[in-house]
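S.K.: Got chain G; can you put chain A on it based on the hints?
Listed below, chain by chain, are the residues.
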Amino acid sequence: MDWAALSLSLKLAGLTTALLVPLAVLLARPLAWSRFAGKTLLEALVTLPLVLPPTVLGYYLLTAFSGHAPIGQAYLALTGRTLVFSFDGLLAASLIFNLPFAVQPIQRAFDAIPRAAREAAWCCGLSSWQTLWRVELPLAWPGLLSAIVLTFAHTLGEFGVVLMVGGNISGDTRTVAIAIYDRVQAFDEHGAAMMSALLVAISFAAIGAFHLLTRRIGQHER
Amino acid sequence: MSAEGLSVRLRQKSPIALDCALECAPGELLALVGPSGSGKTTVLRCIAGLERPLAGKITCAGNTWLDKNVAWPAQSRRVGMVFQGYSLLPHLTAQDNVALALGQLPRAERRKAAEDWLARVHLHGLGKRRPGELSGGQQQRVALARALARAIGAQPTVLLLDEPFSAVDQVTRGKLQQELARLRRELAIPIVLVTHDLDEARMLADRMVLLHHGVSLQSGPPEEIMTRPGNAAIARLIGLSNLFEGTVGGRAGDDVISLEWQGQQLEVAGNQDAAPGSRVSWVIPPEGVRLHRRGRAYPSEGRNQVTGRIEDRLVLGPFTHVTLRPAVGGGPFAFSLPSHIARQDDVTPGAAATVTLLPQAIHLMPWEG
Numbered sequence: 121m122d123w124a125a126l127s128l129s130l131k132l133a134g135l136t137t138a139l140l141v142p143l144a145v146l147l148a149r150p151l152a153w154s155r156f157a158g159k160t161l162l163e164a165l166v167t168l169p170l171v172l173p174p175t176v177l178g179y180y181l182l183t184a185f186s187g188h189a190p191i192g193q194a195y196l197a198l199t200g201r202t203l204v205f206s207f208d209g210l211l212a213a214s215l216i217f218n219l220p221f222a223v224q225p226i227q228r229a230f231d232a233i234p235r236a237a238r239e240a241a242w243c244c245g246l247s248s249w250q251t252l253w254r255v256e257l258p259l260a261w262p263g264l265l266s267a268i269v270l271t272f273a274h275t276l277g278e279f280g281v282v283l284m285v286g287g288n289i290s291g292d293t294r295t296v297a298i299a300i301y302d303r304v305q306a307f308d309e310h311g312a313a314m315m316s317a318l319l320v321a322i323s324f325a326a327i328g329a330f331h332l333l334t335r336r337i338g339q340h341e342r
Numbered sequence: 142m143s144a145e146g147l148s149v150r151l152r153q154k155s156p157i158a159l160d161c162a163l164e165c166a167p168g169e170l171l172a173l174v175g176p177s178g179s180g181k182t183t184v185l186r187c188i189a190g191l192e193r194p195l196a197g198k199i200t201c202a203g204n205t206w207l208d209k210n211v212a213w214p215a216q217s218r219r220v221g222m223v224f225q226g227y228s229l230l231p232h233l234t235a236q237d238n239v240a241l242a243l244g245q246l247p248r249a250e251r252r253k254a255a256e257d258w259l260a261r262v263h264l265h266g267l268g269k270r271r272p273g274e275l276s277g278g279q280q281q282r283v284a285l286a287r288a289l290a291r292a293i294g295a296q297p298t299v300l301l302l303d304e305p306f307s308a309v310d311q312v313t314r315g316k317l318q319q320e321l322a323r324l325r326r327e328l329a330i331p332i333v334l335v336t337h338d339l340d341e342a343r344m345l346a347d348r349m350v351l352l353h354h355g356v357s358l359q360s361g362p363p364e365e366i367m368t369r370p371g372n373a374a375i376a377r378l379i380g381l382s383n384l385f386e387g388t389v390g391g392r393a394g395d396d397v398i399s400l401e402w403q404g405q406q407l408e409v410a411g412n413q414d415a416a417p418g419s420r421v422s423w424v425i426p427p428e429g430v431r432l433h434r435r436g437r438a439y440p441s442e443g444r445n446q447v448t449g450r451i452e453d454r455l456v457l458g459p460f461t462h463v464t465l466r467p468a469v470g471g472g473p474f475a476f477s478l479p480s481h482i483a484r485q486d487d488v489t490p491g492a493a494a495t496v497t498l499l500p501q502a503i504h505l506m507p508w509e510g
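In order, the protein sequence lines correspond to chains G and A. Residue numbering for the first sequence follows this note's numbering, beginning at 121 and increasing consecutively. Residue numbering for the second sequence follows this note's numbering, beginning at 142 and increasing consecutively.
Okay, chain G solo, but in the shape it has when bound (with noise of 0.2 Å):
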């Protein structure tokens, strides 16, 4: 059992998701209720990495975090640290790939949400960001827990993007999904079985978990 992978793993989707949430619902809620200019080209580019083969998506980020690049000179300079075979680098892809992930539950959520619930809010004399707080976010919430548990579980299985743009350097950006890979090649059938079986666990329990809870907000509702 490679445990420096496994808590990588785990750091990895957990931070993923903390960042990633908030950004989400910022980006969702226009995408839910507002028109502008340009967002049928924004739903695209949020829902591309659904379909992108992983080895694509990575290269392309490989490619821009890169030296040579501009994204990744920039990061260069103000943190001193490069983006490539880095954990700040495996982050920064996580959050690209997991995007649809996250952004479709909460902006489906938000779609359901009644304008009248808001408009009522609104009348009631709460703002813009009260309103978010005390009537989107709790009406919106299976949505959230959708987002959170597809986001996390996603992340920790995540192969390719991770593999192109971490590499494989153990304790730094060695994921569980590359270690499997890694025993299977080293012929280590045992460890290779131990851990795909505890990712079956985590991502089971995750989704149960997911399901209790919002089971339970059903019942609420009701």
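Just so you know, nobody snuck in bad clues.
If you anchor each label on the Cβ, the simulated ranges turn out as follows: (1) R377(A) - V171(G): 55 to 65 Å; (2) A321(G) - D310(A): 48 to 58 Å; (3) H265(A) - S154(G): 40 to 50 Å; (4) W261(G) - S177(A): 27 to 37 Å; (5) F156(G) - G277(A): 34 to 44 Å.
By construction, these hints were calculated from the structure, which means they are not laboratory data. Here a beta-carbon is modelled for each residue, glycine too, at the ideal position from N, C-alpha and C.
M.R.: Coordinates of chain A only, in the frame set by chain G:
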């Protein structure tokens, strides 16, 4: 119009054409009446600040909410709004729904104040329930309590009601209407009620504004609009049936002029400033058409009598709707009478009958050429 009341002028071409003016004084209940699609909800939303017309001016409680370069957001207007379908927030209890509108109070006092408002709309002890656990009528009361809590704060503004009785059954509707009629006597703020139901407007409103295709056609006490519509189009819009055409004759007496209709001279009483010889449309409400009872004299000395045959009879519980086709042509006249009288006098289709048109009930309107 005092500065404390509500004054609204709206004008725009699109997306919905609006040309509307209305005033509502504190303590007054104004009904905004029109068929569906007439723009009445849009007018209400403009007052609430949920929609912004291209041009217009709205003042309320001494503040200008909308004018050139002025447009207060809904949050600042402090209107109490009861939405069609109520828009209660499903994740909050009744108490918290009301407390949401009490943001001006310190946090600790909101619950208590919300409970007081709920008690005022007869929902004592139901504050802990969520909207899903309340009946339709109870939900409407929560919505009303929330709107009142908002409208009657530090500075009272206006209460807006968008079809508040349309989503409940008839028995509950009657009860809620009575409650509103009772409650409004204690409220010193302008109340605007949007409804498509003329009877509701007649029952609850001090004045009504008739809206059609976004244009306010006539305003006044409901009784006056129902019996003295401004023109034939308005008469048709509010569903008046006895609408005819005629020619104004001369003066027939003090405050009485004659009206020629189908070769017959009718007397019209009341202050009718119609020029002799002019074509007019005229209308008489069903209450102004009196059937001559069998075997009884009708003390009208033959004036304004119309004879004909009963064309149709429709028994609607205690009242029977009857139409009479005049022998001189034109018509028919619609009126109703208690069902037991219709039975006694054998008012059946084909039977001969005479009615008198009450001179004071006949209302003349400009002829629409």
